[in-house]
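K.L.:
Here is what each chain is made of, one letter per residue.
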Amino acid sequence: MDIQRGNIIVMDRRTGKLRAGQGLLQGLKVVWDHWAASFRKNENFTQIRGNFTVEYPDERLQLPQAYRNMPVLLYDDESGHELCTGCYQCQRICPPQVIHITQAKDPVTGKMVPAATEFIIEYDACMSCGFCAEVCPFDSIKMDHVFELSTADHDSLTMRKAQLNRPISYYTSIAPDLWEGVKAGAMKKLQGNIKRRPGVIGMAPSLTEKIKARRQELAEAAAAAPPAAAPAAPAAPAGKLTPEEKAAKLAAMKAANAAKKAGGEAAPAEAPAAELSPADAKAAKLAAIKAANAAKKAGGEAAPAEAPAAELSPADAKAAKLAAIKAANAAKKAAEAAPAVAAPTTGNGTAAPTDEKAARLAAIKAANAAKKAAEQGNNE
Amino acid sequence: MHDVVNQLINTTFGWGWPGWLISLISYLLIATLLFLIAPFQMLFLTYFERRAIARMQDRVGPNRVGPEGIFQPMADGVKMFTKEDIVPDSADKWIHLIAPCIVVAPTMFMFAVVPWGPGMVPVDLNIGLLFFFAISSVSAIGLMMAGWASNNKFALIGAMRAVAQMVSYEIPAVLSLLAIVLITGSLSIVDLINYQGGLFISTMDVASVPDFGLGWFIFTPVGFLAFIAFFIAALAEGERTPFDIPEADSEIVAGYMTEYSGMKFGLFYLAQYVLNFLLCAMTAIIFFGGWQGPGVGWLYSLAITPANPEGGWIFNVLSGALGVFYFLAKTYIFFFVMVWVRGAYARLRIDQLMDFGWKFLIPLTLVNIFGATIWVGLTRWGAAEGLAFVEGWSPIMRWAIAFVVTLALNLGTYLYLARIYAESQSERARMDDEVLERLTNVA
Amino acid sequence: MPHLRAEDLREMLGRDLPGAVQDPSPLQIVPPPSHGPQHGSFVTGDALIDPSRILEAALYMRDTLGYTYLSDIAVTDYLTDGLLEVVYRFYHVDGGPSLALKARLPRENPALPSLTPDWPGANFHEREAFDLYGITFVGHPFLRRIYMWDEFEGFPMRKDFPKQGDKYIGEDE
Amino acid sequence: MIKTEELQINIGPQHPSTHGVFRMLVTVDGETITDLKPVFGYLHRNHEQIAEVNTYLQNMPYTDRLDYFNSMANNHAYAIAVEKLAGIEVPERAEYIRVLMVELTRVLNHAGALGFLINDMGAWQTQLAFGMREREKILDLFESASGARLMCNYFRFGGVVRDLPDDFMPRLKDLLVAMPAFIDELERLLRENEILLQRSEGIGILPRDLAIAYSVTGPVLRASGVAYDVRKAEPYSVYDRFDFDVPVGSVGDVYDRILVRIEEMRQSKRIIEQIIEQLPDAQGGHINPKARQNVRPPVGDVYARVESPKGELGFYLVSDGSTKPYRYKVRAPSFINLTPLGDMCRGYKVADVVVILGSIDIVMGEVDR
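Residue numbers (numbering that gives the first Met the number 0), protein chains in the order written: chain A, 0 to 379; chain B, 0 to 442; chain C, 0 to 172; chain D, 0 to 368.
No wet-lab data here; the hints were simulated from the structure. All figures in this text were calculated on a predicted structure; none of them were measured in a lab. Wrong hints could be hidden among the right ones.
Here are some chain D residues the structure puts well away from chain C; computed CB gaps all over 10 Å [stated by the list, open to error]:
#, residue
1, Gly29
2, Glu233
3, Gln277
4, Asn287
5, Arg304
6, Arg326
7, Lys328
8, Asp342
DEER-style ranges, computed between Cβ atoms [unchecked claim]:
#, chain 1, residue 1, chain 2, residue 2, range
9, A, Arg4, D, Gly284, 24 to 32 Å
10, B, Leu28, D, Thr33, 53 to 61 Å
11, D, Asn45, A, Val181, 54 to 62 Å
12, D, Met168, A, Asn6, 23 to 31 Å
13, D, Thr322, C, Asp7, 44 to 52 Å
14, C, Phe151, D, Glu135, 38 to 46 Å
15, D, Met168, C, Arg14, 34 to 42 Å
16, A, Val181, B, Phe80, 56 to 64 Å
17, A, Arg91, B, Asp84, 32 to 40 Å
18, D, Asn45, A, Arg4, 53 to 61 Å
19, D, Glu135, C, Asn108, 47 to 55 Å
Note that the Cβ used here is the ideal one computed from N, Cα and C, for glycine as well.
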């Protein structure tokens, strides 16, 4: 046959050469060269001699970022929320069908919530194909680099959600570039999902001590806040928003506002920080709109002033912030809390808010304090 | 040893024990010492081999147990001892049990005639070489017993291969030594070593050569060819690659050892490595002067010997230490060569092994014996033996002529044999008409 | 490089082996869904050969057309259409795309003449088809199960082979 | 004349050199083979049936497990088959990356196969260790690109799963520096070694016509003197853009198979060098963004094949219009190359059986499916 772009080479068998052991000596020479070179380490791919052994438990190779072993679930370090929404995409794509998801339900309304209450991966049957990580629209499921998984039995390789949870910071430590590529979208989606998660649903269960307790407090505060607003807004849009959620946001905004008032020098520092994170800004905007709506119903006189501001703001985060502040003010007025009690506390709390996170924490603390104060005021 | 014990008991303590008791005690001591040395050698050699071959393959080898993994063989030994000993149901239990012992015992006997240093030989038999090779072939019986008693087809094939190979390769091994024996005129291993003093030329051939202990047989054409033939035969006797056919793991699993486990398997291993050690030692002794080396002869001449009772005992120790060092160094170098060969080559097939032994090595060694006779004639004989024309040549001249003649003879023979052997092999490899017909008829 | 297309092959076979080529009927493959978009039916473009004359056609391929290289024998179980289809795939050693011969068999007691005596390379293909689909190749020298054990009952690649439950598990354990 | 009894030996299923759970029922007269029947199926998992219950994409990681030495080549064949069936376009750059991976796979496979072959001849793993060392380097590259060393699962319909990482090309160029040295060294070890020549010359001869009749493919076919390479015979992907030669043998014995494999590694290296030249100019990304992974191809059947390192790997797919293949048939090269084993071994010695088997280069995952 004729061949395009190439020839047919008939291999030369080198027959007719005297074979008197020179080939054997050549083989010995090759092996000797390797023996002699083996006392140094082989350094890179260009070398074919030298000791190649990586003495595994003592030294380890750097695993490439794309390395995939077993899937894990990510949760956000800051909020403690899992990225997973229980959308069943991974369960559907999984070739050996080892992923089993139970989606979370709102305990009150019985509706589906974008979170997974249980997430099981049978590691013993997982084939590490990585489809689940590829298909995950929320970038929640990622392939881990840990490969030392051996156990004495199959059962301990059935991983439940608590064992699968890893913080995002862990994933960025093993695959920074890969996470950088999806980070913005993932975090944006997460913020959207957090808002649709009532209470502590969707939080990494392993963080029980710290965040869950805190969250519980927020929930309590939220449980307290609606009654405070209830007299003014009896017909709150309950179906759309979870009351606790809204209340929490409101409280945060309120606190932020109070903080700004209290510490004049802290305010300028906080404003740019707020601008820096678009996801936060958007959330704030949403909260502001919601708060404004609530406030509109609560205080009739504030509504005409608020409505145009809320409508104008969508493009501008700062405006949203302002609107939120205004809404909070309105809400505050409606609640008739004692600002005098709240102000000193928040003043202390925001004395040195150097970074965004600390500021937010401070805000939450301040909000709690304010809420308590409000509660007391109500009770009295 | 006898002298030392005698000195200690009768002179120092003055107990005046009879000679037979002294002999008994001293030989018991020697035997105990050797039985301790043999397993230790085996342990060390396994470690040595694994490290060396790992280096050849760009690896590190065992390096976890103890410093640089030196205790790895101990760990393996412990494992061997604690393994369950499985005897197949249909095996012949008694023969299955005693076969490893029969394989191990001869290798221990062979230590009896191996000189370790000047004056350090357990028994100086005047037929030492013969004893060595006679005893070594006893283990073939053990191998056959092992293969047969296992009642396993792989074991049987392995045993048959082992016996065939051992029997075949005894012949070139002994024939190649025969050339050396012709030159030295003695079957005693001690004489063989004593012959190899000198500096590239043996003092026995040319008396004026200074004695640096370097008059090894390897520096003569006859000795060199004999060395090549003997070493190849030793590889076959010791079942080393490329002749590890009896236990060809890629073909017949483990040959005669297939059905053995635990310490019985360990005994086969022990026997094999001890045999390898002894064969390397023999190579070192016969062709590389054994303990001969610069300084040993001079130190030994100052030591206490029957010939020189006034020597200093310190020279006994020094010459012994140096001699043992030379001897072991040479032996380990040969073992390294064995490992090296194992690292480089594939295994021959059984029929090719037989071909090589019978059609190449044996003619080669026969020609080498002829060369040895020429050597002896040209260097030793004179008018009395009918070689009048050599009279008047200086010893160095006679040596040089003998060197050239034997070199030409051996080289020519080697090349000629290599050519016709290669031709015969490629003849075999060519597809014969019968095979071709069979293949085309299938379609 | 020879470039015979499937249509050419059909035409040539129709000319040189009259009666061997059959008209392919469209295959439904799966029952039409009760709702949603309808799947089209499948009409093969390859030469469909009368099963009893498959050997003849294959030898024609080899000796006349020079398609000496029998690459693959694939069987498909069209349960809905009630037939098994065997695809023989031939190549020319000089290169070029494949030519396929297809034969349709009833699902009950399917039988075909074996190609193994002429193409020893068909041996394992046919044993596999026998093992997994139960097609008997008449004239095969050693028609035994190739993957499953000899005592195995049923033909596991058939579409009606039960996917659940295994009667072989539980006997020993 | 002494009457001898024939002995039946089972080489395998548990045996050091059957390359997996493979059994050869050998009848020997002394050491000479009079009959040999390959028996397999110990690893049978009805791969084709599993594939029928999976979607098209879900089958991709299963193809990795066919011939676990060459998962990239398996991916390629399957991806081509589905793309042909569903009419998916592949961007140029993706094609180059695919061919790059497959050619690396070929080097890797042949390095390993030669090593195992010499191991079967009784060498104590030195050649294997050298081959494995080069294989490890290539696997490192695979790992950095695909995330896994063996079960790469790198190909998707319309491209590959992700583009090459930044450090891939420098490491590949380093590897190409070492590759000729490695191949030369292997050749020095194998080509003139008298022992190896004795073991391989004239062993397991498969004449040209018989090789075609037996449908063997790949290096085994080419060693028999048939210059049939799917890359040339029916160019797929971008193989028509590269210059490379097809090595063929003249006798068809084990030695020719060794020589052909060594030369194929050189040719693969040539292709890789051309890819490195042409890759920066290639159009498109690593995957066709319009290609849906959850394909639903139109009703029909398709057969697509590639030149896998072991031979012609083909996938026959029948679509019923759903997301799952109605029929999925693998034409496995190892499986078909085993067909002539019995005839190749008859008349040779027991020791030759493992060598001939090693020269065919089978992987049981593919044979048993």
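K.L.:
Of all the hints given earlier, name the ones this structure violates by number, lowest first.
P.N.:
Hints 2, 5, 6, 7, 8, 11, 13, 15, 17, 18 contradicted; others consistent.
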